[in-house]
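Peer 1: Chain by chain, the residues run as shown.
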Amino acid sequence: QQPVQSPQAVILREGEDAVINCSSSKALYSVHWYRQKHGEAPVFLMILLKGGEQKGHDKISASFNEKKQQSSLYLTASQLSYSGTYFCGTERESNFGNEKLTFGTGTRLTIIP
Amino acid sequence: DAGVIQSPRHEVTEMGQEVTLRCKPISGHNSLFWYRQTMMRGLELLIYFNNNVPIDDSGMPEDRFSAKMPNASFSTLKIQPSEPRDSAVYFCASSLTPGGWSYNEQFFGPGTRLTVL
Numbered sequence: 055q056q057p058v059q060s061p062q063a064v065i066l067r068e069g070e071d072a073v074i075n076c077s078s079s080k081a082l083y084s085v086h087w088y089r090q091k092h093g094e095a096p097v098f099l100m101i102l103l104k105g106g107e108q109k110g111h112d113k114i115s116a117s118f119n120e121k122k123q124q125s126s127l128y129l130t131a132s133q134l135s136y137s138g139t140y141f142c143g144t145e146r147e148s149n150f151g152n153e154k155l156t157f158g159t160g161t162r163l164t165i166i167p
Numbered sequence: 020d021a022g023v024i025q026s027p028r029h030e031v032t033e034m035g036q037e038v039t040l041r042c043k044p045i046s047g048h049n050s051l052f053w054y055r056q057t058m059m060r061g062l063e064l065l066i067y068f069n070n071n072v073p074i075d076d077s078g079m080p081e082d083r084f085s086a087k088m089p090n091a092s093f094s095t096l097k098i099q100p101s102e103p104r105d106s107a108v109y110f111c112a113s114s115l116t117p118g119g120w121s122y123n124e125q126f127f128g129p130g131t132r133l134t135v136l
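These protein sequence lines are chains A and B, in that order. Take 55 as the starting number for the first sequence in our numbering and just add one per residue. Take 20 as the starting number for the second sequence in our numbering and just add one per residue.
Hints in this document: simulated from the structure, not taken from any laboratory. Fair warning: there could be bad hints in the mix.
Stated by the list, open to error - To give a feel for the contact side, a few chain A residues facing chain B, derived at Cβ under 8 Å:
| hint | residue |
| --- | --- |
| 1 | E145 |
| 2 | S148 |
| 3 | F157 |
To be verified - Okay, derived cross-link-like pairs now, SDA-like style, lysine to any residue, Cα gap no bigger than 20 Å in a straight line:
| hint | chain 1 | residue 1 | chain 2 | residue 2 |
| --- | --- | --- | --- | --- |
| 4 | A | K91 | B | Q56 |
| 5 | B | K43 | A | K80 |
| 6 | A | K91 | B | R132 |
| 7 | A | K91 | B | M58 |
| 8 | A | K91 | B | F126 |
| 9 | A | K80 | B | E63 |
| 10 | A | K80 | B | G78 |
| 11 | A | K91 | B | M59 |
| 12 | A | K80 | B | V72 |
| 13 | A | K91 | B | S77 |
| 14 | A | K91 | B | R28 |
| 15 | A | K104 | B | Y122 |
| 16 | A | K91 | B | R60 |
As the list claims (entries may be wrong) - Here are some chain B residues the structure puts well away from chain A; computed CB gaps all over 10 Å:
| hint | residue |
| --- | --- |
| 17 | A21 |
| 18 | S26 |
| 19 | Q36 |
| 20 | T39 |
| 21 | R41 |
| 22 | G78 |
| 23 | P80 |
| 24 | A86 |
| 25 | F93 |
| 26 | T95 |
| 27 | K97 |
| 28 | Q99 |
| 29 | L115 |
| 30 | Q125 |
| 31 | T134 |
Here a beta-carbon is modelled for each residue, glycine too, at the ideal position from N, C-alpha and C.
Sequences are here, hints too, so could you generate the full structure?
Peer 2: Dropping the structure here:
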């Protein structure tokens, strides 16, 4: 089952902040974030593993809340280059080993000057 | 490194024809993934291989789809017979996956845009 991403789309002015959420109906082992620009392949941003860690590089960071079964991606002081569609992928836990990686439908982020 | 290489980049075929998509992963990577992307269904994992062995093919839509990885540097995804609903962008990705992990950072190829008329 796909994780649910919100919002589906957001438009920001350069310099504004954004938060993208990714929720699951089952316990998660890992969350993966990718960004895809129009007509291009997805590009890896980060992986968060079970343990509630927070990761980040430059002005993009993410958190993973095990109890809430969700992850959030934070984009601070957005730049034009941040525009694209952001996907979260989740690896859900199960009694028979983790389920396969499943991606959400994406959040389209548009940054305007 | 050249990155993940996919061919062809575009494929237009007629319903009922066989289609073969090809992928060369990054040298040294031990995991390979095939994805399908459509507007309606988003990015779907079809199958993934670890050390050339198929680990999870639960995402393969039906028997018309098959994937092989005869060696560490080559994989194919075949659709026979193709149908219009198979039209999509197909991505291949590879990663270096430590033992005990299922997934690590994946490097995607440029994709093959398939159109079935």
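Peer 1: For every hint, state whether the structure bears it out.
Peer 2: Here is how each hint holds up against the structure:
Here the hint on E145/A is kept, as its CB sits about 6 Å from the closest CB of chain B, short of 8 Å. The criterion of a C-beta within 8 Å of any C-beta in chain B is not met by S148/A, whose closest approach is roughly 12 Å, and the hint is violated. Taking 8 Å as the C-beta cut-off, the interface hint given for F157/A holds, the closest approach to chain B being about 4 Å. Annotation: proposed proximity of K91/A to Q56/B holds, straight-line Cα distance about 14 Å (limit 20 Å).
Using a Cα cut-off of 20 Å, the hinted pair K43/B and K80/A is violated, with the two alpha carbons roughly 34 Å apart. A C-alpha spacing of about 16 Å is found between K91/A and R132/B, which places the hinted pair at or below 20 Å, so the restraint holds. About 14 Å separates the Cα atoms of K91/A and M58/B, which keeps this hinted pair within 20 Å; it holds. Distance check on the hinted pair: K91/A and F126/B sit about 15 Å apart at the alpha-carbon level, within 20 Å; holds.
About 19 Å separates the Cα atoms of K80/A and E63/B, which keeps this hinted pair within 20 Å; it holds. Distance check on the hinted pair: K80/A and G78/B sit about 19 Å apart at the alpha-carbon level, within 20 Å; holds. Proximity of K91/A to M59/B is assessed by CA-CA distance (about 18 Å); at most 20 Å being required, the pair is judged to hold. With a C-alpha separation of about 28 Å, the suggested pairing of K80/A with V72/B is violated against the 20 Å cut-off.
A threshold of 20 Å between alpha carbons decides the hint, and for K91/A with S77/B the separation of about 28 Å lies outside it, so the pair is violated. Between K91/A and R28/B, the direct Cα distance comes to roughly 17 Å. Compliance with the 20 Å bound is thereby established for this hinted pair. A C-alpha spacing of about 13 Å is found between K104/A and Y122/B, which places the hinted pair at or below 20 Å, so the restraint holds. Pair hint K91/A plus R60/B holds up; C-alpha atoms about 18 Å apart against a cutoff of 20 Å.
Distance check on A21/B: its Cβ is at least 14 Å (rounded) from any Cβ of chain A, clearing the 10 Å threshold; non-interface status holds. Distance to chain A confirms S26/B as a non-interface residue, since its nearest Cβ pair spans about 14 Å, more than 10 Å. No Cβ of chain A approaches the Cβ of Q36/B within 10 Å, the least distance being about 26 Å, so the stated non-interface status holds. Even its closest Cβ contact with chain A, about 20 Å, leaves T39/B beyond 10 Å, as expected for a residue assigned away from the interface.
Listed as a non-interface residue, R41/B keeps its Cβ farther than 10 Å from every Cβ of chain A; the least gap is roughly 16 Å. Once the 10 Å rule is applied to beta carbons, G78/B is inconsistent with being away from chain A; the minimum gap is 7 Å. No beta-carbon of chain A is positioned within 10 Å of the beta-carbon of P80/B; the least distance is around 14 Å. Listed as outside the interface, A86/B is consistent with that label: its C-beta sits roughly 14 Å from the nearest C-beta of chain A, beyond the 10 Å cut-off.
With a least beta-carbon separation of about 19 Å from chain A, F93/B lies farther than 10 Å from that chain, consistent with its non-interface assignment. Interface exclusion of T95/B from chain A stands, the closest Cβ pair being 19 Å apart, more than 10 Å. Separation of K97/B from chain A is adequate, the least Cβ-Cβ distance of about 21 Å exceeding the 10 Å criterion. The claim that Q99/B is not at the interface with chain A holds, since no C-beta of that chain comes within 10 Å of its own (minimum 24 Å).
In this structure L115/B is separated from chain A by more than 10 Å, as the shortest Cβ-Cβ distance comes to about 12 Å. The claim that Q125/B is not at the interface with chain A is violated, since a C-beta of that chain comes within 10 Å of its own (minimum 6 Å). Separation of T134/B from chain A is adequate, the least Cβ-Cβ distance of about 15 Å exceeding the 10 Å criterion.
In summary, the structure is inconsistent with hints 2, 5, 12, 13, 22, 30 from the numbered list given earlier, while agreeing with the others.
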